[in-house]
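2 protein chains.
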Amino acid sequence: MSAREVIEKALAEGRTALTAPEGRTICEEYGIATPGEGLAATAEEAVEISAKIGFPVVLKIVSPDILHKTDAGGVLVGLKTPDEVREGHRKILASALAYNPDAQIDGIQVQQMVGGGHEVIVGAVTDPTFGKVVAFGLGGVLVEVLKDVTFRLAPVSGDDALTMLDDIKAAEVLRGVRGAEPADRAALAQLIERVGRLVDEHPEIVEIDLNPVFASASGAVAADVRILVGAAPAPVERLPRERILAQMTRIFKPRAIAVIGASAEQGKIGNSVMRNLINGGYQGQIFPINPKATEIMGLPAYKSIADVPYDVDVAVFAIPAAFVAPALEETGKKGIAGAIMIPSGFAETGNVDGQREIVEIARRHGVRMLGPNIYGYYYTPENLCATFCTPYDVQGSVALTSQSGGIGMAILGFSRTTKMGVSAIVGVGNKADVDEDDLLTFFEQDDNTRAVAMHLEDLKDGRGFVDAARRVVKNKPVIVLKAGRTAMGARAAGSHTGALAGDDKVYDDILRQAGVVRAPGLNDMLEYARALPLMPAPQGENVVIITGAGGSGVLLSDACVDAGLTLMEIPADLDEAFRAYIPPFGAAGNPIDITGGEPPSTYENTVRLGLSDERVHALVLGYWHTIVTPPMVFAELLARVVAEEREKGNVKPVVASLAGDTEVEEACAYLFDHGVIAYPYTTEKPVAVLGAKYRWARAAGLLR
Amino acid sequence: MSAREVIEKALAEGRTALTAPEGRTICEEYGIATPGEGLAATAEEAVEISAKIGFPVVLKIVSPDILHKTDAGGVLVGLKTPDEVREGHRKILASALAYNPDAQIDGIQVQQMVGGGHEVIVGAVTDPTFGKVVAFGLGGVLVEVLKDVTFRLAPVSGDDALTMLDDIKAAEVLRGVRGAEPADRAALAQLIERVGRLVDEHPEIVEIDLNPVFASASGAVAADVRILVGAAPAPVERLPRERILAQMTRIFKPRAIAVIGASAEQGKIGNSVMRNLINGGYQGQIFPINPKATEIMGLPAYKSIADVPYDVDVAVFAIPAAFVAPALEETGKKGIAGAIMIPSGFAETGNVDGQREIVEIARRHGVRMLGPNIYGYYYTPENLCATFCTPYDVQGSVALTSQSGGIGMAILGFSRTTKMGVSAIVGVGNKADVDEDDLLTFFEQDDNTRAVAMHLEDLKDGRGFVDAARRVVKNKPVIVLKAGRTAMGARAAGSHTGALAGDDKVYDDILRQAGVVRAPGLNDMLEYARALPLMPAPQGENVVIITGAGGSGVLLSDACVDAGLTLMEIPADLDEAFRAYIPPFGAAGNPIDITGGEPPSTYENTVRLGLSDERVHALVLGYWHTIVTPPMVFAELLARVVAEEREKGNVKPVVASLAGDTEVEEACAYLFDHGVIAYPYTTEKPVAVLGAKYRWARAAGLLR
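Chains A and B supply the protein sequences, listed in that same order. So in our numbering the end of the first sequence lands on 704, straight run, no missing numbers. So in our numbering the end of the second sequence lands on 704, straight run, no missing numbers.
Treat each hint with caution, since some may be false.
Copies of the same chain look alike in the list, so a pair counts if it works inside one copy or between any two.
Below are the EDC-like pairs computed for lysine to aspartate or glutamate, each with C-alpha atoms no more than 20 Å apart in a straight line [unchecked claim]:
{"hint": "1", "residue 1": "LYS505", "residue 2": "ASP167"}
{"hint": "2", "residue 1": "LYS147", "residue 2": "ASP166"}
{"hint": "3", "residue 1": "LYS91", "residue 2": "GLU48"}
{"hint": "4", "residue 1": "LYS268", "residue 2": "GLU598"}
{"hint": "5", "residue 1": "LYS9", "residue 2": "GLU204"}
{"hint": "6", "residue 1": "LYS169", "residue 2": "GLU144"}
{"hint": "7", "residue 1": "LYS147", "residue 2": "ASP167"}
{"hint": "8", "residue 1": "LYS419", "residue 2": "GLU665"}
{"hint": "9", "residue 1": "LYS147", "residue 2": "GLU172"}
{"hint": "10", "residue 1": "LYS52", "residue 2": "GLU87"}
{"hint": "11", "residue 1": "LYS474", "residue 2": "ASP509"}
It is worth saying that the hints were derived from the structure and are not from the lab.
Working from the sequences, and respecting the hints, build out all of it.
What follows is the structure, encoded as structure tokens:
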């Protein structure tokens, strides 16, 4: 029988668990090695099979009615003689029948006893967000306690499977420590790859567990196979990329916008939206829609969008939830591309039917809907502020999205205070239709956007997101703040959005697989968003710290290790070159401690050397406030040297930590304005931001 | 022979390693169980001993010339019969002699083969910073790879030893997982306690390794014992607490200060110090010392401190290193208490002899020296700014110290910008004399100081620090930023101060044992310093999140888990009480999501309920900027409600995360001014600060 036939037979019989021989048949088809074995009807057959495959052997009950064989006394290991096999056969049958007198017994499986090498676990599950996901970990109780396991989307390429072996904390074990034999990595990776292909080709496999797999120097053998089957998950519908792009382009670059529920009355959402569109400087047409007005804020108002004698791209909804459905019908008939659904009162308040209704209307008319339950969206290249907040006008190159309105407001306040240049701020709210993948598809090709930062609590279509993110990160960093990281956090997400939050470990591994830079917290996401687009991409892993304060040097080194950065081993000639610029009691090496009392020229010479030596790939600077080199003198010289070297083609990321009195704050603002990432009173933040840029550069394949 | 005699014999013989029988003798004296065993001269003796202690047995070579027995083929395990023992005896002797033909063979040790239960490691080492330190971890290759081990100062109390069992990542294993037998925790803790006592009473034991120890349900047996001996470390000299306190009090509350090298010339350090003392508002006497001046800044100048006709408590040195020694002699003769040694050019530039010389002079005169290589110190209750930086005048209750000048400057700038109230800022620089323990001894009893924050790269006397910190944390939090946390960081510390940086894991465990709150980075240390003194201590572990933005609630929950906080399981009656105040689609439970559009009264009612219900111990608030409840309205109501409840005796820590447009920054400043810890654009920081307060409260024994 083929794997397909085995699965179909089990499903036809109403079973969810495959028997061990069935599992073995499937493994054979996919080249997954299992121990030599046979099915014995009688004790004498068991002895015969044992003699053929070789002692010692394992005996296991085979019954569709006994899933947990060990609990039923249905497993005996290490039987070394024909007599032991005979006696074992009798014992297992007795135990199994005592456990479940009605169990149908198909026989006793006689299995070659494997062992030696490393015990590992390979499996696959069906994740609610990401679908088929392959897992790998080291076996044994310790790892079960320490949860040292890693996940990848199925199917997994051979190369990806190899990265899984190194992705667990105890990875060193497989390479052989303290004289232990190293595992055959290629064989193990191949086994993982085959499991991934198996579940990908057979979506009816809900779960598969190869546990333990014995991974030795001579191969990898799955000693036990457990397969659960069920209905294949429904395929996710996805629009073609071109169609998404066409719709999103009309939404972000509309020629005409209608405001459904526009109002002249201060304090109304429909008034705030009108004001923001007009005051924000939007240059397209604006059509206020209000059955009771003829003119709003100097613009002719229409009773219905149907009355507007022009084409309309976007309709912003500023009416109560109860009135949305009929109005959406009208906008659909009008042929708009996007419905910006500000109103709340849908799924987030339990009104799931109401939300389903408007999704259905939008879909029927080919309208893409943003929201509901959002603040709206900004797209600064078009001076477009379709929100009920306040206009935002610092144009720049990062696009931010948030699932929560509160986080959206924090984005706005932070942006304004730090003068962060943004291309877009988008609320996605309940995500009834437009999702992060739609937005990524637009931002991917949007020349106004050089980085994307997304706050999200769940993903409706994990694979759609991964596909889109993988495309985008080739050229632009995608930063993700995934809320509900922890068990407690996940519980809160559940109560907030009703969305099933996936296990964070799965999210974490797969977001990394997608090349996404995950931010550990809100402030980190905001700082990454602010800094990453300003920083050139590094060309290699060699980071050099130059510091005027030895104390900062130590903390900056700590921060580099935390951020996964590599402090360059300075070659002798470069070391000598640095030493020429610093006092004899300064420390070369890395960090390079130029000492505290140095004039601007010492900073200038050493920074210039670091920027111009092609073996150095990024600089981390520690500045110490002194009278000899005051903060603004340092800031101006650093900005100048970086610009001059950039002119010469020496384009490298430079970050700085400034320690000093309050003047260092002005110096940091100046440096940020000149494209040098600088923070006061922290050694961690500049390095964390550089680390984020490196994570992206590695994912984008820029560092080999 | 007693343990003392065994060790003395080995040392007398010039040995550093004890033999297995010697180790066993020592273990016996301390009640550390080892397997039954005997020393066999012949194969027949080995068989006899085996029969007596019971098969299976282990055979091990005993030779002072063979330290690594396994490498020499000198160990055989699992010998089950007299014949196997006989053959084994022959084999070991042959291997050992092949390994080292000149080895003196004392015999073959026959040992009962123990096993079963859990393999653990118990040991002790001599740490350069902390002296005798006891280690505990789970045995086996995985833990060796994962470095899952914990340390404590020796001796270790039985209770402390029990905490070690729970302090490893794989702690669950010892409690028995997947049907495994739990270990006898009391027996294991007792063994650890005994090892601690052993090394404490025998400082000549440089290292002891019990590896493996088999910890089963019936006890703990050390299967192998390895002891290294050497010279006992020299005892550390410590001044009596009363003497330190008397000196430090004269330094922090001086009646008269001399400035050695005072100058009228702008830009000179001796001028900056004079200006800061005068402009800072210091009310004691100030004596400028300068051989070439008769008057400086309106004060009569003296050629030498010897000429000053008054008693002087403190001398601030503002002269080049080369002139320090003779000037220090004079101040010593004058009977000053403290020499504030600003000059650099000592150990940090390689001038170790120069530093030793001034230490010797200070010690001879009973003068305590701060520095050298520092910016000076501030003590705001006395309006004392004895530094070359700028005056600082926001009086408050946190004392900060830094080993690095750069970090000191960052403290100053951060303090000024955040208006952080400080009692003291102290540079300790090279720490040639005055150390963190001296400062802690003063701050402990200083009523102007309610929290202490220290940046340090090393500790000269780890035990002195721990003793002092343990006393202080009973009443005041001690926050420590330990730089050189990571391998790379430690390397930088080495090059900066020449101090031997201890292994960070030892630092981390022992600082925690001392009750210190460790800050992960510079900014964290500063924020903890700013917030902790403003916050009342929590009385229990029940934390409740109340949020207007569900999105913030999820992130705040994540942050609570990261900070080691416990989200309260809300009892049914309290849940009902909260529900009465929030819309039906809001979520009770914890976080309590009051939803976004609520008026001030909803915040007020729920916050008041949380503060007044005695089962709730701390509140975390998530605010979302809306027109209905603008930021300053929220800030004023929250400050008012907290103050009103505090009046009623409901004194609990409250922290808030504010998401919104820039007005939330003003609201946060207002809240901080009113004793409510609040941050804009971050859900992590307020919770991290609350977590730090909890860590202190637990260490201080306030939470049971």
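Here's how the hints hold up against the structure:
1. LYS505 to ASP167: within (12 Å within a copy, 23 Å between copies)
2. LYS147 to ASP166: both (15 Å within a copy, 17 Å between copies)
3. LYS91 to GLU48: within (18 Å within a copy, 40 Å between copies)
4. LYS268 to GLU598: between (60 Å within a copy, 16 Å between copies)
5. LYS9 to GLU204: Within. Shortest intra-copy distance 12 Å satisfies the 20 Å Cα cut-off; inter-copy 73 Å does not.
6. LYS169 to GLU144: both (13 Å within a copy, 12 Å between copies)
7. LYS147 to ASP167: Classified as both; 13 Å inside a copy, 17 Å across copies.
8. LYS419 to GLU665: Both, since 14 Å and 15 Å are each at most 20 Å.
9. LYS147 to GLU172: Cα proximity of LYS147 and GLU172: in one copy and across copies (16 Å, 12 Å).
10. LYS52 to GLU87: Only inside one copy: LYS52 and GLU87 sit 18 Å apart there, 34 Å across copies, limit 20 Å.
11. LYS474 to ASP509: Within one copy only: 18 Å inside, 43 Å across.
Checked against the numbered hints above, the structure violates none of them.
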